[in-house]
Amino acid sequence: MNSDQATLPDDTVAQKVCHLLGILVTDFLRSFLKPILPVARDFVIKTQAHQVRAKFKRHASVISSLFRRGKILIHLDTIIDCTDKLLDRWRMHYNIPTKIHLNMIEQSQQLLLAIFGFIAFNYDLETLDDNSENSQNELTQAFYSLLNTMQTLMQLPTFLGRIYLSLNFKAQRARTIIDRYLEKMIEQELNTTREMRMERKRTSFIASLVTSLQEDEKLEATIPEEEKKGLSRIEVMNEMLSFLAAGYGTTSTALSWFIYFMSKNPQIQKKIKQELSEYHGQRLSIQQVESLTYLDCVLREVFRLAGPVTGTVRTLTADDQLPKSGAQLKKGDSVMITFYTLARDKRYWADLYDLNEFHPERYLDDPDNKNNLSALIPFGGGHRQCMGQDLARFELKIICARLMQFVTFGDGGPELNAGGYDVTDTIKPKKLAVTITFD
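Everything in the sequence shown is counted per the numbering used here, starting at 1 for the first residue and increasing by one.
Read the hints as simulated data drawn from the structure, not as lab findings.
Wrong hints could be hidden among the right ones.
Straight-line Cα separation of at most 35 angstroms, DSBU-like style, residue types lysine-lysine; simulated pairs [stated by the list, open to error]:
id, residue 1, residue 2
1, Lys370, Lys324
2, Lys273, Lys55
3, Lys270, Lys99
4, Lys397, Lys370
5, Lys229, Lys85
6, Lys228, Lys201
7, Lys228, Lys397
8, Lys324, Lys85
9, Lys270, Lys71
10, Lys228, Lys71
11, Lys218, Lys71
12, Lys271, Lys370
13, Lys85, Lys370
14, Lys218, Lys264
15, Lys264, Lys431
16, Lys264, Lys55
17, Lys324, Lys99
Computed spacing ranges between beta-carbons, pair by pair [stated by the list, open to error]:
id, residue 1, residue 2, range
18, Lys346, Thr437, 21 to 29 angstroms
19, Glu225, Lys270, 29 to 37 angstroms
20, Arg53, Glu215, 55 to 63 angstroms
21, Arg202, Arg384, 45 to 53 angstroms
22, Ser64, Thr193, 43 to 51 angstroms
23, Tyr421, Asp84, 26 to 34 angstroms
24, Leu190, Ser64, 20 to 28 angstroms
25, Gln274, Asp351, 22 to 30 angstroms
26, Asn372, Glu215, 47 to 55 angstroms
27, Glu138, Asn168, 52 to 60 angstroms
These figures come from a predicted structure and were not determined experimentally.
Note that CB positions come from ideal geometry on N, CA and C, so glycine has one too.
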């Protein structure tokens, strides 16, 4: 383990656990993404090497523009359409109020994969096939296989992970299948005219990526990293896979937690439905979505109590010292900021409600602004924060609003619906079981 790691602000048991998890995640990224997603590895880990910094800037110049507000809001109808398709599936297979459903995590994942397939690649991943409640085609099967491999690697030391990966022919086959589909998506976009791509570039992820393709990859490979422009074909494919993994994972996990907390708090569901009642099940506009202030508070509380990841790591740019413990930190040390601890630290929150309980009202009943929302950073903070967080929040709010317009989630019982934390690529509910009643 890396000895140059520190946790802030206090050395509690929870922090130490999150600290170890952070090291495991970093170790996983270095061992798994290096051979499989080299560019994404550089993009995520962001080492201090000058060459990698230049590569990061080159990628960021293409990627960051994809998440501007104008490119996000246009996807409202796509998100609603996919959510309606999930609701149609539930009407067909789940319309028994007393039946307990154990697959809400999988359902959430399939919904977000479908949405992101359309938003990012203009491609139907077919995860919401009406004829099956567990629809998986060749691509999604390969994608899930690759994600399972990633989760296994998270539990292994680096050297064992490399051995496991080299002998895991199933994962290698899955990557081959995924690459074939990614190539197909790229070719589909290249078959459009350049003028059409330039026009769609303003609103389409795949068009933006394909437009960034280097005209002469061989020439670009010979020049210094600082002078390179655009992305190579393999870099575009790696970014596409990174988008797919990151684009569905945290949001689907947050949706799973929303369903869990709603099943445990019927009075909160009722308040959300009251806020939505004036729209009578109609398709919401951007303005109507933005007006749902109580739902905003609910989603903040979801992220506070059940952030999708353990925390974030920052590297010190200068020597420092912790004021309480006197621990000396040196330039280049990595500091693990644990979201779990920040969300429950009494120094940063008003004492109106128990910090271990779900109370969206804490954001409304705070006239003195004692809640320090800087302690609520599920997507990180600063210029290294998750650049896709606006899209994730937008998707989640629309999905939750649409679900609350039509269904009520009930508690599946203290044993089956016990919650708890299952730490894999994200932090999912360990036990989630709900009933679904159409209003």
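Consistency of the hints with the structure:
1. Taken as a hint, the Lys370 and Lys324 pair is honoured in the structure, with Cα atoms around 23 angstroms apart against an allowance of 35 angstroms.
2. Restraint check for Lys273 and Lys55: the C-alpha separation of about 47 angstroms exceeds 35 angstroms, so the hint is violated.
3. A distance of roughly 21 angstroms separates the Cα atoms of Lys270 and Lys99; the hinted pair therefore holds under the 35 angstroms criterion.
4. Annotation: proposed proximity of Lys397 to Lys370 holds, straight-line Cα distance about 25 angstroms (limit 35 angstroms).
5. Our distance criterion of 35 angstroms between C-alpha atoms is broken by Lys229 and Lys85, whose separation comes to about 41 angstroms.
6. A hinted pair counts as satisfied when its Cα atoms are at most 35 angstroms apart, and Lys228 with Lys201 qualifies at roughly 21 angstroms.
7. For the given pair, Lys228 sits about 39 angstroms from Lys397 by alpha-carbon distance, which is inconsistent with the 35 angstroms threshold.
8. As the CA atoms of Lys324 and Lys85 are separated by approximately 54 angstroms, the hinted pair breaks the 35 angstroms bound.
9. Between Lys270 and Lys71 the alpha-carbon distance is near 33 angstroms, which keeps this suggested pair within the 35 angstroms criterion.
10. Restraint check for Lys228 and Lys71: satisfied, since their Cα atoms lie roughly 26 angstroms apart, inside the 35 angstroms limit.
11. Annotation: proposed proximity of Lys218 to Lys71 holds, straight-line Cα distance about 32 angstroms (limit 35 angstroms).
12. This hinted pair checks out: Lys271 and Lys370 have alpha carbons roughly 24 angstroms apart, not beyond 35 angstroms.
13. Between Lys85 and Lys370, the direct Cα distance comes to roughly 42 angstroms. Violation of the 35 angstroms bound is thereby established for this hinted pair.
14. For the proposed pair Lys218 and Lys264, the alpha carbon gap of about 58 angstroms is over 35 angstroms, so the pair is violated.
15. The straight-line distance between the Cα atoms of Lys264 and Lys431 is roughly 13 angstroms, inside the 35 angstroms bound, and the hint therefore holds.
16. Restraint check: the Cα-Cα separation between Lys264 and Lys55 comes to about 46 angstroms, which exceeds 35 angstroms; the hinted pair is violated.
17. A C-alpha spacing of about 53 angstroms is found between Lys324 and Lys99, which places the hinted pair above 35 angstroms, so the restraint is violated.
18. At roughly 38 angstroms, the beta-carbon separation of Lys346 and Thr437 lies outside the given 21 to 29 angstroms, and the hint is violated.
19. Roughly 56 angstroms separates the CB atoms of Glu225 and Lys270, a value that falls outside the hinted 29 to 37 angstroms.
20. Taking 55 to 63 angstroms as the suggested C-beta distance range, the pair Arg53 and Glu215 does not conform, at roughly 24 angstroms.
21. As the Cβ distance of Arg202 to Arg384 is approximately 26 angstroms, the hint placing it in 45 to 53 angstroms is violated.
22. Checking the proposed 43 to 51 angstroms range against Ser64 and Thr193 shows it is violated: the Cβ atoms sit about 26 angstroms from each other.
23. The given range of 26 to 34 angstroms is respected by Tyr421 and Asp84, whose C-beta atoms sit roughly 31 angstroms from each other.
24. The beta-carbon spacing between Leu190 and Ser64, approximately 23 angstroms, falls within the hinted interval of 20 to 28 angstroms.
25. About 27 angstroms separates the C-beta atoms of Gln274 and Asp351, a value consistent with the hinted range of 22 to 30 angstroms.
26. In this structure the hint that Asn372 and Glu215 lie 47 to 55 angstroms apart at CB holds, the actual value being about 49 angstroms.
27. About 18 angstroms separates the C-beta atoms of Glu138 and Asn168, a value inconsistent with the hinted range of 52 to 60 angstroms.
The structure fails hints 2, 5, 7, 8, 13, 14, 16, 17, 18, 19, 20, 21, 22 and 27 (numbered hints given earlier, in ascending order).
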